[in-house]
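Participant: Just so you know, the protein sequences line up as chains F and U, in that order.
Okay, so the first sequence: first residue is 1 according to the working numbering, each after it adds one.
Okay, so the second sequence: first residue is 1 according to the working numbering, each after it adds one.
Simulated from the structure, these hints should not be mistaken for lab results.
Note that the coordinates shown come from a computational prediction; the quantities given were computed from them, not determined experimentally.
Check before you lean on any hint, since a few could be wrong.
Stated by the list, open to error - Mimicking DSS-like on lysine-lysine, the simulated pairs with C-alpha atoms at most 27 Å apart in a straight line are:
{"hint": "1", "chain 1": "U", "residue 1": "Lys-528", "chain 2": "F", "residue 2": "Lys-686"}
{"hint": "2", "chain 1": "F", "residue 1": "Lys-518", "chain 2": "U", "residue 2": "Lys-686"}
{"hint": "3", "chain 1": "F", "residue 1": "Lys-243", "chain 2": "F", "residue 2": "Lys-828"}
{"hint": "4", "chain 1": "U", "residue 1": "Lys-854", "chain 2": "F", "residue 2": "Lys-759"}
{"hint": "5", "chain 1": "U", "residue 1": "Lys-791", "chain 2": "F", "residue 2": "Lys-828"}
{"hint": "6", "chain 1": "F", "residue 1": "Lys-688", "chain 2": "U", "residue 2": "Lys-134"}
{"hint": "7", "chain 1": "U", "residue 1": "Lys-686", "chain 2": "F", "residue 2": "Lys-686"}
{"hint": "8", "chain 1": "F", "residue 1": "Lys-861", "chain 2": "U", "residue 2": "Lys-246"}
{"hint": "9", "chain 1": "F", "residue 1": "Lys-246", "chain 2": "U", "residue 2": "Lys-854"}
{"hint": "10", "chain 1": "F", "residue 1": "Lys-518", "chain 2": "F", "residue 2": "Lys-243"}
{"hint": "11", "chain 1": "F", "residue 1": "Lys-512", "chain 2": "U", "residue 2": "Lys-686"}
{"hint": "12", "chain 1": "U", "residue 1": "Lys-28", "chain 2": "F", "residue 2": "Lys-854"}
{"hint": "13", "chain 1": "U", "residue 1": "Lys-243", "chain 2": "F", "residue 2": "Lys-759"}
{"hint": "14", "chain 1": "F", "residue 1": "Lys-688", "chain 2": "U", "residue 2": "Lys-435"}
{"hint": "15", "chain 1": "U", "residue 1": "Lys-528", "chain 2": "F", "residue 2": "Lys-763"}
{"hint": "16", "chain 1": "U", "residue 1": "Lys-827", "chain 2": "F", "residue 2": "Lys-759"}
{"hint": "17", "chain 1": "U", "residue 1": "Lys-861", "chain 2": "F", "residue 2": "Lys-246"}
To be verified - Listed next, with one range per pair, are the computed distances between beta-carbon atoms:
{"hint": "18", "chain 1": "U", "residue 1": "Arg-768", "chain 2": "F", "residue 2": "Gln-208", "range": "34 to 40 Å"}
{"hint": "19", "chain 1": "F", "residue 1": "Ala-619", "chain 2": "U", "residue 2": "Asp-126", "range": "47 to 53 Å"}
{"hint": "20", "chain 1": "F", "residue 1": "Glu-667", "chain 2": "U", "residue 2": "Ala-510", "range": "28 to 34 Å"}
{"hint": "21", "chain 1": "F", "residue 1": "Glu-677", "chain 2": "U", "residue 2": "Asn-183", "range": "45 to 51 Å"}
{"hint": "22", "chain 1": "F", "residue 1": "Asn-523", "chain 2": "U", "residue 2": "Glu-621", "range": "19 to 25 Å"}
{"hint": "23", "chain 1": "U", "residue 1": "Gln-166", "chain 2": "F", "residue 2": "Glu-766", "range": "19 to 25 Å"}
{"hint": "24", "chain 1": "U", "residue 1": "Ala-510", "chain 2": "F", "residue 2": "Glu-766", "range": "55 to 61 Å"}
{"hint": "25", "chain 1": "U", "residue 1": "Thr-668", "chain 2": "F", "residue 2": "Asn-477", "range": "49 to 55 Å"}
{"hint": "26", "chain 1": "F", "residue 1": "Glu-173", "chain 2": "U", "residue 2": "Glu-621", "range": "42 to 48 Å"}
No residue lacks a Cβ here, since even glycine has one placed at the ideal position from N, Cα and C.
2 protein chains.
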Amino acid sequence: METTLNKISTKQVYTFGNKKAEGNTKMKALLGGKGANLAEMNLIGLPVPPGFTITTTMCTTYNKQGKGFTISLLKNDVEAGIKHIEKIMGSVFGDEENPCLVSVRSGARDSMPGMMDTVLNTGLNDKAVLGLAKKTDNPKFAWDSYRRFIQMFGDVVMNTNAQSNQDDNVFEEIIDKHKALKNITLDQEFSVDDLKQIVAEFKAKIKQICKQDFPEDPYTQLWQAIIAVFDSWETPRAQLYRKLNKIPDDWGTAVNIQAMVYGNMGNQSGSGVAFTRNAATGENVFNGEYLINAQGEDVVSGVRTPQQITLKGSLEWAQLAGVSENERLKNYPSLEESMPQVFAALNKLQHHLELHFTDMQDMEFTIQEGKLWLLQTRNGKRTGAAMVKIAMDMLSDNLIDAETAILRVSPNKLDELLHPVFDEVELAKSVLLGKGLPASPGAASGQIVFFAEAAKNYPKSILVRTETSPEDLEGMNIAQGILTARGGMTSHAAVVARGMGKCCVSGVGALKIDYKTKTLKINGETLKDGDWISLDGSTGKIMKGKIVTKDATLTPEFDKLLKLSDAYAKLKVRTNADTPHDAKIARNFGAQGIGLTRTEHMFFEGERIKAMREMILAADETGRRKALDKLLPMQRADFEGIFEAMHDLPVTIRLLDPPLHEFVPHETENQQEMAQEMGISLAEVKAKVNELSEFNPMLGHRGCRLGNTYPEITEMQTRAIIEAALNLKARGIKAVPEIMVPLIGNLAEFVYQENIIRKTADKVFEERKTKIDYLVGTMIEIPRAALTADKIAQCAEFFSFGTNDLTQMTFGYSRDDAGSFLPIYIKKGILKVDPFQVLDQEGVGQLVEMATQKGRATNPKLKVGICGEHGGEPSSIEFCHRTGLNYVSCSPYRVSIARLAAAQAAITNKA
Amino acid sequence: METTLNKISTKQVYTFGNKKAEGNTKMKALLGGKGANLAEMNLIGLPVPPGFTITTTMCTTYNKQGKGFTISLLKNDVEAGIKHIEKIMGSVFGDEENPCLVSVRSGARDSMPGMMDTVLNTGLNDKAVLGLAKKTDNPKFAWDSYRRFIQMFGDVVMNTNAQSNQDDNVFEEIIDKHKALKNITLDQEFSVDDLKQIVAEFKAKIKQICKQDFPEDPYTQLWQAIIAVFDSWETPRAQLYRKLNKIPDDWGTAVNIQAMVYGNMGNQSGSGVAFTRNAATGENVFNGEYLINAQGEDVVSGVRTPQQITLKGSLEWAQLAGVSENERLKNYPSLEESMPQVFAALNKLQHHLELHFTDMQDMEFTIQEGKLWLLQTRNGKRTGAAMVKIAMDMLSDNLIDAETAILRVSPNKLDELLHPVFDEVELAKSVLLGKGLPASPGAASGQIVFFAEAAKNYPKSILVRTETSPEDLEGMNIAQGILTARGGMTSHAAVVARGMGKCCVSGVGALKIDYKTKTLKINGETLKDGDWISLDGSTGKIMKGKIVTKDATLTPEFDKLLKLSDAYAKLKVRTNADTPHDAKIARNFGAQGIGLTRTEHMFFEGERIKAMREMILAADETGRRKALDKLLPMQRADFEGIFEAMHDLPVTIRLLDPPLHEFVPHETENQQEMAQEMGISLAEVKAKVNELSEFNPMLGHRGCRLGNTYPEITEMQTRAIIEAALNLKARGIKAVPEIMVPLIGNLAEFVYQENIIRKTADKVFEERKTKIDYLVGTMIEIPRAALTADKIAQCAEFFSFGTNDLTQMTFGYSRDDAGSFLPIYIKKGILKVDPFQVLDQEGVGQLVEMATQKGRATNPKLKVGICGEHGGEPSSIEFCHRTGLNYVSCSPYRVSIARLAAAQAAITNKA
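Isolated chain F, as found in the complex (with noise of 0.2 Å):
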């Protein structure tokens, strides 16, 4: 009781507006996030409609005390509250000849989105609408405005739906009852009389549901609105929201009450929106659009044609429009032209506004009778190409500093200045087919083929399958973009796509295939093979035809931007690279080594998957030597391939990783070739398939398994990759190898490999009668080598954390099957985000701190990196730049991004 009479003792509502405001940014944990912010908007001398916030503390002297207590408490505060609204705004709430009008709105200390939603227009009610027809002088506005009014308190504030024991929404079932008597589809075509029938009806069956009159008193009307707001703090759905995100019971929320103001009064108002600069191109030139006597929503909704707020910007559109000047100046002027003294305000304003923010602004405005109102303010969104500009010019204006303009530039943003997009006209004009995973950036249209053989039967074709295999990437490395229906964003399309920087959309549920016919249905619309189709890799949307991308063009400030990042970056960023060509790509965008190579990438080609398919059937390990000898000379020109291009820096290579079915074909056609190629039966074939078929291959006989269990393997690459680099060095090129072995779970199993691969290099060096530097170290992708990295750490000379499969199984999810209810989880909110995406912090990410601490505790000069897709995650790689990692690695067209987002680490984590 003490406690609740201090709390009543000190001041429970705060008013704003004219430039002055009783509270500021400080007070969020009274006031609540929205309130606060308003406050701190006056005090900035923004004008914004007046209003005032009744504080959080409110909330639970509510919840404890009740609804007369509180009301008792707070009546003279709030009735000051409308008066001061009143004196600022001339008008009288609920009045007939000139009604003032206001929203009520929550806002808790930290946002919840979609906890309780906006009751408008409060104060409106039969007196009130004729007041609010006349000074619109429109009348349909006025009351279609009441009859929202009326819906949106009867469901929010009277709960009439939840009352009413039925499915249907009442409401929505009056207004389909009279579209079907006036034979019409949309709201906007009933008329007056409509809606005067429509708002009698709304109150009727209110009466009858709720067993009360909707309340014509203003008053009522805020007070039911205010108790609402707090109800909503303690509905079962706010309560779960709490529990998850840990937010305290008692901090409550605000009720924030400010005045409505309209646009649509007559020609001496007007809405609108304002950019201090070029959201598109990111130039340093004011601009925006408005509507004379029009609402906000009219600008947005391409009902009626916008008009310029600038001068300049209006004669530019004209042209490109092809509207006459005179045609211009009657229809279309500009803000300047139509309002000079609301232009001056606004353009004053908005130059205060970058001032104060230093960042470019975004504000809503509307135009009461002549009287400017900002409606909001915010940093404007932008592309990625006006993210790095607008940061890189300010930073030449001196108006923020090299940290700030680094932080500015949001990483994922780059890959629009990366990859082709498609021209966004001809985008709005395509026809949507249906939405996947955005599982590799950037734009592409092609012709539908739905084998990996056929991608080269059309000039551009985009591969369509349920799933990708190392089979196909022949086919899908020619194909313009690839689609699947299965898999996540690392699944196999996904990842190997990344490294193509070629585009790709992943995990299509809606997506069916038949490939006997070569057909596809996604959404009702069937396809077939050779149809246009298109994809945009960045937003996962499929669209049918043919689209026009444009090509990506990298500007002279992203370059500095990005030399700029690395004077900050503590991370080294490296990529992963495969083949000569990949690597010579990320060096292109800046990498300093590569982090991963997949050997087996590798034997996917021509003559080197026959000899690895002799391997796999070979009985014994002679059989098995006599394939491998094949194999050699293959693999180690790819090494001296790969060392040439990275030649000075790193070159970690991974040794044969996958379960070995993976080498062999698994639909009979093939099989059968294979049975041919080697000379065997087909029967054979099938045998030695299934015998390699696992329930878990995820979790079968792969990595260092295979090594472990077929040793002359690891004595082959090691071979390969120790003859390369002697043949560069004799050659004067220096290659930095690190032999990474995959999959280990204990020191013995590393131990093992180790053994193996150093007698294998000393032979090696011996026959050679030269030597080179080299590192043995391990992947870090089983929690139990992240557990016992302190042991594992005694022998080797380098982690590299494997964080897709670290995820798989710390979560014990299969990247390819969470498909069936990864979707669901984000969508309830059980994840926040797809760990596969976003490292996993929490979980994973104690396991890479665990493994890093302890075996740097081992051995404290253990190199310590990571490889997985999470590389050139900007997020995780803060993570990592905080866990004391030496660098990150990532597909070649994420390089830039990492080098920002490693840059970004380091600013913000400074000591």
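We have chain F; now place chain U onto it with these hints.
Facilitator: Below, chain U alone, put in the same frame as chain F:
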């Protein structure tokens, strides 16, 4: 240099013999394990052959200072040691008349098995071999011993084979040549002349390869053997072994030189083995076997029929073997009769030894010309029954205390008392077909069937499958035993069979099944449906034909032991049981509750599987609810039965866990049947089966991921549990349900399930107007759950470690696929044991410990148990005790084992 001087100034050779010794059992660091034991045996008065030990520090000296220095240091002491042996044995080293021969053996501080072969018969040369021939009156024995000595010395000491540059063994090559010449196959068929010829050729071969003569001088032999033992410390194999086992390189090995004794020196000589009690039954009767004028290997080889040691034993043996008293006295007299003084000495010795070691002893002895030598005494191996009886008898006789009695019984040996075993005589006569994993103990014979449905075709059948699935449950229950080609110790077949107390051999790589022709092939044999086969689930052996079994019989000592154990155990023992029948069996074995009821096992019978499939096929929630409504009464009835069987004790029920595809048929025939039952097309069934198939089902859509995507399943199961408990309450029976959510990986997943469970329970309580207490907890089986256990314990009321899955994910081993590499890993020493059998304390155990500590830090009252297969494995139980778990849960037939192991853990870990 100072250290070396310090060391060499101390004593370097320690003699033993004639019941005196310079060392003792505490000097393992200096004398090695074997040397310290030999000294101790003398000190307690045992007549072991005399000898001396060179200390481990000399090995280090040798490695630092080299051969010359070491020999010069040791020369006097070693020669004195040989004199010491000669004096006691009354013979001369290398003498032509009366040769004294010695063995030379390594002996490190810790046993390092397989590091260095022993060199026996050192001192034999062209002269001494004549003396040996004369004394044994057996020239063939003498020359064969000489032949063996040269071969061993050549191989181990002179490295002849390593220097030969050929793959085949040079000595075996010579032997094979002579066998071919004489057209014989066995070594013992060689004549004396053959052996002399071979000896000559061996020596020539050594000279040819090693460029030096085989040394005739006994001291040269001795020194070379000693140096070879020192060298063996630094072989790569030994270095690797030390690295893996963390044995410091500077420990070094000791060298033991001991006199050889011979039981084949005429009729006053002999060899034998003896036991202080009956190793089969545990009866307190001295017994054993011997042979006159024979070596120890002759007694066990079965070439001659051994004689009994005691008169009583001899008379009993004669009666069983149908040997007349005359014949017995003539050919098979007891030692008590043939050498009464030696028998008296031996009998005195055995009394002495049992009192000294307070355990049943197994002794090897040799009588050389009337003198009794004890070669070895150790705690005797015994059957499970004998183990229990001996421990309880010794406790009764106050020879040992209760704690010692409990520790004396190996828990795993209790299996022999709980399951049928084969008649040993019959078993010895049977044909072994192959071997697999001992997946579930017991012995069974039956006629082969290849399909679960066929199990009922024969009165006794053995179900043979590549692997089993839940569809096979009914057939598995009918069959006598189960044999599978794939799968490890925690495969479906193994887990289910152990639950049923039914014999199972799994993971038989050599077994190939052809379901079409209903035949199997194994190691060259082909068997068909209906053929008899026998399985020993305790050893993994598979025999051809029918073998008579003996039933399990529980003795009063067994009961006494377990009651005694319960007084010491801190861990409670629960059981994993899915049916009232299993629950009752387990309760009879002393289970104190159920730790795991797998609800899905109930879904496979008759009508249930239909309703289950209807649910899976349903297009939406409404359809699923309809099918679930049909399952509800069946589940409720199941739970009532289990609660009743386990009344007053806690019953942990796990909600639906396996992926849904386990419930649909995978063969077209059965799919057709399902289509008819469901009234849909085969194509629809196939499409659904295909949709449910996963790449890695172990990491797929299962566990709480089902309950979170289809909450109605959790609702139905909760309702069934709560209604069942309330129904029992109405009948005055107390149910104690603990509802367990499977496969939790983060707190939110648990909260979602918990909310559904509590809401459903509250609803049922309201409907029935009565309540019961229940807990909601979770399995910890995903590494991430262990890592974030502090969070999960905010809501979970108990943890139960599902160590099967936790092992799979921590190691990244699929239990169904690990057969391709786990056996190789164990053979190569990369893994010491199968982690699915024995909990991996270093890795998986780290997670168990972490989760327990983190969980209890959040909720000190958290109940923690284990329900994986490790819950019945003694070393894992000991770990659970140390980690502070509240209970272990295991299959009914392992409850006794777990009770004993829990007591042992408590005793071993007493503060």
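Participant: All hints are to be evaluated individually against the structure, with a verdict given for each.
Facilitator: A quick look at each hint next to the structure:
With a C-alpha separation of about 23 Å, the suggested pair Lys-528 (chain U) and Lys-686 (chain F) falls inside the 27 Å cut-off, and the hint holds. With a C-alpha separation of about 20 Å, the suggested pair Lys-518 (chain F) and Lys-686 (chain U) falls inside the 27 Å cut-off, and the hint holds. Annotation: proposed proximity of Lys-243 (chain F) to Lys-828 (chain F) holds, straight-line Cα distance about 14 Å (limit 27 Å). Among the hinted pairs, Lys-854 (chain U) with Lys-759 (chain F) is inconsistent with the structure: their alpha-carbon atoms are about 44 Å apart, more than 27 Å.
Distance restraint check for Lys-791 (chain U) and Lys-828 (chain F): the Cα-Cα separation of roughly 19 Å lies within the 27 Å cut-off, and the hinted pair is therefore satisfied. Between Lys-688 (chain F) and Lys-134 (chain U) the alpha-carbon distance is near 62 Å, which puts this suggested pair outside the 27 Å criterion. For the suggested pair Lys-686 (chain U) and Lys-686 (chain F), the alpha carbons sit about 23 Å apart, so the restraint of at most 27 Å is met. The straight-line distance between the Cα atoms of Lys-861 (chain F) and Lys-246 (chain U) is roughly 22 Å, inside the 27 Å bound, and the hint therefore holds.
Distance restraint check for Lys-246 (chain F) and Lys-854 (chain U): the Cα-Cα separation of roughly 18 Å lies within the 27 Å cut-off, and the hinted pair is therefore satisfied. Taken as a hint, the Lys-518 (chain F) and Lys-243 (chain F) pair is broken in the structure, with Cα atoms around 50 Å apart against an allowance of 27 Å. Between Lys-512 (chain F) and Lys-686 (chain U), the direct Cα distance comes to roughly 15 Å. Compliance with the 27 Å bound is thereby established for this hinted pair. With a CA separation close to 34 Å, the supplied pair Lys-28 (chain U) and Lys-854 (chain F) exceeds the 27 Å bound.
Proximity of Lys-243 (chain U) to Lys-759 (chain F) is assessed by CA-CA distance (about 17 Å); at most 27 Å being required, the pair is judged to hold. Taking the CA atoms of Lys-688 (chain F) and Lys-435 (chain U), the gap is near 23 Å; set against the 27 Å cutoff, the hint holds. Using a Cα cut-off of 27 Å, the hinted pair Lys-528 (chain U) and Lys-763 (chain F) is violated, with the two alpha carbons roughly 52 Å apart. Annotation: proposed proximity of Lys-827 (chain U) to Lys-759 (chain F) holds, straight-line Cα distance about 22 Å (limit 27 Å).
Only pairs whose Cα atoms come within 27 Å are accepted, and Lys-861 (chain U) paired with Lys-246 (chain F) is accepted, the gap being roughly 22 Å. Checking the proposed 34 to 40 Å range against Arg-768 (chain U) and Gln-208 (chain F) shows it holds: the Cβ atoms sit about 36 Å from each other. Against the hinted window of 47 to 53 Å, the Cβ-Cβ separation of Ala-619 (chain F) and Asp-126 (chain U) comes to about 48 Å, which satisfies the hint. A C-beta distance of roughly 30 Å is found between Glu-667 (chain F) and Ala-510 (chain U), which places it inside the suggested range of 28 to 34 Å.
Hint check: Glu-677 (chain F) to Asn-183 (chain U), Cβ distance near 48 Å, so the stated range 45 to 51 Å holds. Checked against the given bound of 19 to 25 Å, the beta carbons of Asn-523 (chain F) and Glu-621 (chain U), roughly 22 Å apart, stay inside it. Between Gln-166 (chain U) and Glu-766 (chain F), the C-beta spacing of about 22 Å keeps the proposed range 19 to 25 Å intact. Separation of Ala-510 (chain U) from Glu-766 (chain F) is about 41 Å and departs from the stated range, judged on CB atoms against 55 to 61 Å.
Thr-668 (chain U) and Asn-477 (chain F) have their C-beta atoms about 38 Å apart, which leaves the hinted 49 to 55 Å range violated. Distance hint check for Glu-173 (chain F) and Glu-621 (chain U): the Cβ-Cβ separation is about 24 Å, which falls outside the suggested range of 42 to 48 Å.
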